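> What follows is the residue order along each chain.
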Amino acid sequence: MSNLGDIQHHIYSITVENKFGVLSRVAGLFARRGFNIVSLAVSPTEDERFSRMTIVVDAASAPLEQVTKQLHKLIPVIKVMELHPDDAVERELMLVTVKAESETRSQITELASIFEARIEDVGFESITIQAAGRPDKLDAMTDLLTPFGIVELQRTGRIALPKLSRRPQRLRAVKTRGV
Amino acid sequence: MKLTGAQALIKSLEHEAVEVMFGLPGGAILPVYDPLIDSSIRHILVRHEQGAGHMAEGYAHATGRPGVAMVTSGPAATNIVTPLCDAYMDSIPIVVITGQVPYANIGTDAFQECDTVGITMPVTKHNWLVTDAQDIPRIVREAFHVATTGRPGPVLVDVPKDIANQQMDWYWPDGVDMPGYKPTTKGHAKQIKDAARLMSQSRRPVIYAGGGILKARAAEVLRELVELTGFPVVTTLMARGSFPDDHELCLGMPGMHGNYTAVTSMQQADLLVALGSRFDDRVTGKVGAFAPEAKIIHVDIDPAELGKVRQPDVPIVGDCRQVIEELVKAVLADKAKHSGDDTQWPSLAEWQTRLRDWQRDFPLVYDQQPDGPLKPQFCVDQLRDHTPDDTIVVAGVGQHQMWTSQRWKFNHPYTFVNSGGLGTMGFAVPAAIGAKVGMPDRMVWAVDGDGCFQMTAQELVTASSERIPVKIAILNNAYLGMVRQWQELFYEERYSEVYLSPDLPDYVMWAEAMGCVGIRVDSPEEVEPAIDKANDIDDRPVVIDFRTDYREKVYPMVPAGHSNDEIILDPAHDTYGER
Ligand SMILES: Cc1ncc(C[n+]2csc(CCOP(=O)(O)OP(=O)(O)O)c2C)c(N)n1
Chain W
37 MSNLGDIQHH IYSITVENKF GVLSRVAGLF ARRGFNIVSL AVSPTEDERF SRMTIVVDAA
97 SAPLEQVTKQ LHKLIPVIKV MELHPDDAVE RELMLVTVKA ESETRSQITE LASIFEARIE
157 DVGFESITIQ AAGRPDKLDA MTDLLTPFGI VELQRTGRIA LPKLSRRPQR LRAVKTRGV
Chain B
430 MKLTGAQALI KSLEHEAVEV MFGLPGGAIL PVYDPLIDSS IRHILVRHEQ GAGHMAEGYA
490 HATGRPGVAM VTSGPAATNI VTPLCDAYMD SIPIVVITGQ VPYANIGTDA FQECDTVGIT
550 MPVTKHNWLV TDAQDIPRIV REAFHVATTG RPGPVLVDVP KDIANQQMDW YWPDGVDMPG
610 YKPTTKGHAK QIKDAARLMS QSRRPVIYAG GGILKARAAE VLRELVELTG FPVVTTLMAR
670 GSFPDDHELC LGMPGMHGNY TAVTSMQQAD LLVALGSRFD DRVTGKVGAF APEAKIIHVD
730 IDPAELGKVR QPDVPIVGDC RQVIEELVKA VLADKAKHSG DDTQWPSLAE WQTRLRDWQR
790 DFPLVYDQQP DGPLKPQFCV DQLRDHTPDD TIVVAGVGQH QMWTSQRWKF NHPYTFVNSG
850 GLGTMGFAVP AAIGAKVGMP DRMVWAVDGD GCFQMTAQEL VTASSERIPV KIAILNNAYL
910 GMVRQWQELF YEERYSEVYL SPDLPDYVMW AEAMGCVGIR VDSPEEVEPA IDKANDIDDR
970 PVVIDFRTDY REKVYPMVPA GHSNDEIILD PAHDTYGER
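Residue numbers (the numbering used here), protein chains in the order written: chain W, 37 to 215; chain B, 430 to 1008.
What the hints contain is simulated information worked out from the structure, not anything from laboratory work.
Keep in mind that this is a model prediction, so the values were computed, not measured.
Built from N, CA and C at the ideal position, the CB exists for glycine as well.
Treat the hints with care, as some may be off.
[Stated by the list, open to error] With a Cα cut of at most 25 angstroms, we get these calculated PhoX-like pairs of lysine-lysine:
# : chain 1 : residue 1 : chain 2 : residue 2
1 : W       : Lys105    : B       : Lys962
2 : W       : Lys135    : W       : Lys105
3 : B       : Lys838    : W       : Lys105
4 : W       : Lys115    : B       : Lys611
5 : W       : Lys105    : B       : Lys615
6 : W       : Lys115    : B       : Lys724
7 : W       : Lys105    : B       : Lys431
8 : W       : Lys105    : B       : Lys982
[Stated by the list, open to error] Restraint-style ranges between C-beta atoms, simulated for each label pair:
#  : chain 1 : residue 1 : chain 2 : residue 2 : range
9  : W       : Thr81     : B       : Lys619    : 50 to 60 angstroms
10 : W       : Asp179    : B       : Asp603    : 58 to 68 angstroms
11 : B       : Pro602    : W       : Gly64     : 52 to 62 angstroms
12 : W       : Asp175    : B       : Thr492    : 35 to 45 angstroms
13 : W       : Gly64     : B       : Ser925    : 49 to 59 angstroms
14 : B       : Lys431    : W       : Thr81     : 30 to 40 angstroms
15 : B       : Glu995    : W       : Glu82     : 55 to 65 angstroms
16 : B       : Asp961    : W       : Gly64     : 51 to 61 angstroms
17 : B       : Gly990    : W       : Ser75     : 29 to 39 angstroms
18 : W       : Glu156    : B       : Gly536    : 49 to 59 angstroms
19 : B       : Thr537    : W       : Glu82     : 35 to 45 angstroms
20 : B       : Asp538    : W       : Asp172    : 23 to 33 angstroms
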């Protein structure tokens, strides 16, 4: 993709009909262009007929614009919004199991409390921590835990909603249907 | 009223006013073929499912109504993928119904199972897997709605065998409720006004008419716009006939094999009014060098087309007919407001003269010697001149397609049917059959290549047995001609796997074996009598094997990826002179 210009992080919030096969239609449009989906989170919205997908893709903007226009053409897709990171509330959940010998255990729990993370499970040699927050915060915590030895790590992928307090000009409805 | 899913499906098709469908039965679709016996719908039994799909397309092209095909699961479903993709590329409304293994067996590699919905997802506008017989009327209604509205296209409904046997309570929905599907048909008033403004200042405008004109049934209002503005018109491969070739403002086909005037007019234009066209690479050549001075007004019902290839100055989302109607009004208003100001709506006489000079100086040329080898262009000209004005012409893909598009005079919309976007060899024979089924009172001629013909010729068995009297002209140059042309021009005449032989198969014997009349033509003087003879036969298909000169190439030509300024004329242009 490097020949297509600057690669950037794009966050899409896509409202779709809550029906089988929709995820594969949406994912297919990215796959067709060879775009890697960095993360993806899907769940029903406040209205059960609809689900919201939060998709993060790293891709150049120009070809991505065509993908989003094609997304709008999918019949089960109701709305597509691109969220600028500055204008979105982004959250992610992480579970991480870290080696915790007796001498490092207290250091790790201290670190967890700084990040307002919770100890979810404790074993003889390791502990599992749950952390939630902004994706960059989880990145930072991961960096700090790495020296202790990460055994397993799982992140949910981000979910995002537009911020309420900002002026909405950077929250761009990429396609309100038909326009 | 209790019905089976299968009965409900057939009844739903009747409610959608389906008169004819093309198909071939098999295990998974068996339940649906049973109630078909009692239905008013005519079913045409094809010999290969690809044929069913292209017939449905030909029917839709010629009539504007959705074509319907029905086939079984697995191999039948995969056989119809090519027509689906073809219809997707050319925005042709077809509805394909496929059988599927019983619902509980899906995903078990059951006999003749394939993931039809998965395979066809990227080549349909939408598709449905039926999971409850009760949904069938709703889904059929939605399927026809989606296929025929907005930017038309193919849809597919996959029906598991047990669902077809399930009982349901019959109903027919009043309408569709699809919150995610609301095509915009009405153009934005301000944009339309801006378009008229831009048009008023142009000195070298060209209307770039695409297939969307035909889809929107906008030929008449396009003519109104042209006559109001005096803007010349190019008609793309998918739009041939949308503006009459015999009109003095018609410049014909642009693009890779477009004529010099059409191609160069766009290159030198200061304004392109793109109406239902999509800046296909076969039209633009190298995009960066395409129409460098032109401002762009782009009208399309599909918002994804606007800015996809070239950023428009005035984008308008909407149905071509509705937008052009509004544009006509806006132009009238603008003209009224600026009458007497010749910086606005200047005379285009100078531009029109320049175009006419090019047409005079750069005609399409070829040289048919009376005793020389038979030229394919001559055959096309003779066909054109000895068939009714409203003949429906269907082409395959290759040199013969380009010669047909270049040389025919399409004076009526819906008279040229061909595979533009996908370029599907084998399209012509079945598409011609579908067109003739839809328009039984019109003469239908397919102009096919010998290579293309061999891909789907067996559908002439269908045509003979169903008494569908299509006429096929094979321009038999014994080669995969278009590929040969590229090898000659761009691969130093190294001919790799393009020779087919003129005699194997024997086309006349083959035609007769399929129940058609077969005629062979070797020399120029035989051409007209053969066409006359074919025209007189109305009870069975006719195949004419025109033995043409394999050396002929299609000119003009813009090599792929080059600028349209680098248009190559026929090297013999100067020798033949005016013609
Ligand atoms: C299904 C398919 N396979 C391959 C091609 C590539 N192709 C384009 S034109 C052409 C040659 C067609 O030969 P013929 O039908 O004899 O027509 P001619 O060009 O000689 O008029 C080929 C092989 C294609 N368009 N479609």
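> Against the earlier hints, flag every one the structure doesn't satisfy and list their numbers going up.
1, 2, 3, 6, 7, 8, 9, 11, 12, 13, 18, 20
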